[in-house]
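Quick mapping for you: the protein sequence lines, in order, are chains X and B.
Position 279, counted from 1, in the first sequence is what the numbering used here calls 279; the numbers after and before it change by one each time, with no gaps.
Count along the second sequence starting at 1, add 1000, and that's the number in the numbering used here.
One should not assume that every hint holds.
Just some of the chain X residues that point at chain B, by a computed CB distance under 8 Å [claimed, not checked]: (1) G75; (2) G91; (3) P107; (4) R267; (5) K270.
Here are some chain X residues the structure puts well away from chain B; computed CB gaps all over 10 Å [claimed, not checked]: (6) S44; (7) L108; (8) E117; (9) D188; (10) I191; (11) V220; (12) A221; (13) F245; (14) K246; (15) A263; (16) L305; (17) Q316.
Think of the hints as simulated: they come from the structure by calculation, not from any bench.
All C-beta atoms in this analysis are idealised placements derived from N, C-alpha and C, irrespective of residue type, glycine included.
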Amino acid sequence: MAERLLDVQHLQTHFFTRGGVVKSVEDVSFYIDEGETLGLVGESGCGKSVTSLSLMRLIESPPGKIVGGKVLFQGDDIVQMDEEELHKLRGGKIAMIFQDPMTSLNPLFSVGFQIAEAVKTHLKLDDRAATDRAVQMLDLVRIPEARRRIDHFPHEFSGGMRQRVMIAIALSCNPKLLIADEPTTALDVTIQAQVLDLMKGLAQEFNTATLLITHDLGVVAGTCERVAVMYAGRIVETAPTRTVFKNPAHPYTQALLNAVPRADTPRGAKLAAIGGQPPNLVNLPKGCPFAPRCRKAQARCRVELPLLETVGPNQQVACFYPY
Amino acid sequence: MATTMPQPGAAAPAQNDVLVDIRGLKVHFPIRGGLIGQTVAAVKAVDGVDLQIKRGEVLGLVGESGCGKSTLGRAVLQLIKPTAGTVTFDGEELTTMGTNHLRRKRADMQMVFQDPYSSLDPRFTVGNVINEPLGNFNYGNRAQTDERIRYLLRVVGMSPNILNRYAHEFSGGQRQRIGIARALALNPKFIVADEPISALDVSIQAQVLNLLADLQSEFNLTYMFIAHNLSAIKHLSTRVAVMYLGHIAEIGPADEVYANPQHPYTIALLSASPYPDPDMEKTRKRIILTGDVPSPVNPPSGCPFHTRCWKAQAICREQYPPLESKPGTNVAHLAACHFPGQ
Chain X
1 MAERLLDVQH LQTHFFTRGG VVKSVEDVSF YIDEGETLGL VGESGCGKSV TSLSLMRLIE
61 SPPGKIVGGK VLFQGDDIVQ MDEEELHKLR GGKIAMIFQD PMTSLNPLFS VGFQIAEAVK
121 THLKLDDRAA TDRAVQMLDL VRIPEARRRI DHFPHEFSGG MRQRVMIAIA LSCNPKLLIA
181 DEPTTALDVT IQAQVLDLMK GLAQEFNTAT LLITHDLGVV AGTCERVAVM YAGRIVETAP
241 TRTVFKNPAH PYTQALLNAV PRADTPRGAK LAAIGGQPPN LVNLPKGCPF APRCRKAQAR
301 CRVELPLLET VGPNQQVACF YPY
Chain B
1001 MATTMPQPGA AAPAQNDVLV DIRGLKVHFP IRGGLIGQTV AAVKAVDGVD LQIKRGEVLG
1061 LVGESGCGKS TLGRAVLQLI KPTAGTVTFD GEELTTMGTN HLRRKRADMQ MVFQDPYSSL
1121 DPRFTVGNVI NEPLGNFNYG NRAQTDERIR YLLRVVGMSP NILNRYAHEF SGGQRQRIGI
1181 ARALALNPKF IVADEPISAL DVSIQAQVLN LLADLQSEFN LTYMFIAHNL SAIKHLSTRV
1241 AVMYLGHIAE IGPADEVYAN PQHPYTIALL SASPYPDPDM EKTRKRIILT GDVPSPVNPP
1301 SGCPFHTRCW KAQAICREQY PPLESKPGTN VAHLAACHFP GQ
């Protein structure tokens, strides 16, 4: 059995704004084992990116603050770490890639320099060894003529290549955990397939665990072993990928799956859209946050908050009336 | 699934069946350079497209960013002046039409944009937004336009009481509905919807797709539906055209193209598009294309796809393959490839 790598317990991240307290992440718990890929799915504003930034302690404060919970990484609580410990962790044991590779690469430095910077800091390599490592990493992410390309600047690469450079930087220090926040959302379908294929292969090769944050259920189906579904700052369901798709327990998960057209959906047939919109995170409704949009909601759902409970093998759901 | 049975009227539609007839359309954007700003090169965004859109049909246009699909949509509406070619709309030639005449024609052809955040003026109330086309075309007096605006809001599933609120008060899906109400204001015949759902969340995408489908049958609209999301395209479209580097690589009835793709690019695109079913994802064969889309400034010779194609032969580098029906497929199903099929 694989070791537990990351164990998030009752994480709460709030933003203190003029309009009130935005409870972006509320009582979120999940774990990732070594080498495992967990998909975190949800719609915009559900708190999935804030969750990932909280794991790295990258929440800007003020206005944001982790107000509760633990993030245990190999047994150490990231929430309690000081700056020096965090510096070692970020880019070393935990690496992150973002949606938009152009804004996460520095336009003023060559990509070789940016990879070398990371390995010099974390692996304590000298200049020459760092450059060799940069070439090796670019080779690994299948950038042709890596030796020559390390001197090129980010704008000289296409979108897909930039994301591959980001992956090269992220994996250059052999992290234990890779957090990928919508890594392929800005990319085209054929390029997305390239990048996902590459990420999957490299994660296996180096036994890197991955937290893949996405809104695309198709991406999850093809890449993740387990899935956690978020809604309005909370995890509403978590289960192995196949269970989530074949036997979803939470009405929100079911609704998300039904909302996308499938191969056998007849042309123009009514899609099962979810009515209404996600709630405002400042003024959350009492009870279950999904209740106002839920087709199964009963009186109880509007007054009492359901918590995650085990309903099947490895499947947990926060709902009073699952399935 | 391959059938050779021609569908009635599918191959050569009678002239009056065709609402939009595009012939040899090219849009080249000049790149200026040097001291005196001469044209040094051109971005060949659309490079010779022939396309007929029949009345009441939904033509889905797919392709990756930079393939020219948005430019094609805009050039059809004359929002961008085509460099060459003709666009006949409802029997009238648009490319040579005078400004005033064209302005009147615009009532019949409208557009729904991708980004519901930037396509609505933040200083306008919802009422102003929908009133703008009505006012421009002298729809009627105050009471009549008010009635019309309220009606349009109801049609797109919004409350008529939001007239005096501003766009920023609404979510993406609601804004997209307001944008659709604006497009419908003048009873158009033809709507170009450019990525109308790609900025929206999954649960909201379904709402907007349903709305577009309902409106199409209710008002007998003709759509050109531009998207990169293959399942959305399939859901709404009767016919699908796949674009690559300014050319149509494949076109045909939607079911045919999806079940029996002929062009290697279509095959790769379909296989690369992630599908929300873990069992299917595990078993199906995925074709991973190498490299990126070449630059439209300097497109490859011959077939523009040959640089990424696993079937490419010498002839592909030399000759542009004609867009034609391939053996064993529906006569309305055309592909531009020397070596078509799986």
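Cross-check of the supplied hints:
1. G75: Violated, about 32 Å.
2. G91: Violated, because the Cβ-Cβ distance from X/G91 to chain B comes to roughly 27 Å (cut-off 8 Å).
3. P107: violated (19 Å)
4. R267: holds (6 Å)
5. K270: Because about 6 Å separates X/K270 from the closest Cβ in chain B, which is inside the 8 Å limit, the hint holds.
6. S44: violated (6 Å)
7. L108: holds (24 Å)
8. E117: Given that every Cβ of chain B is farther than 10 Å from that of X/E117, nearest at about 26 Å, it holds.
9. D188: The claim breaks: X/D188 does not keep its Cβ more than 10 Å from every Cβ of chain B (closest is about 4 Å).
10. I191: violated (7 Å)
11. V220: violated (8 Å)
12. A221: Violated, since 5 Å does not exceed 10 Å.
13. F245: violated (5 Å)
14. K246: Violated, since 8 Å does not exceed 10 Å.
15. A263: The claim breaks: X/A263 does not keep its Cβ more than 10 Å from every Cβ of chain B (closest is about 7 Å).
16. L305: Non-interface label stands for X/L305: nearest chain B Cβ at 21 Å, farther than 10 Å.
17. Q316: X/Q316 is indeed farther than 10 Å from all Cβ atoms of chain B, at 18 Å.
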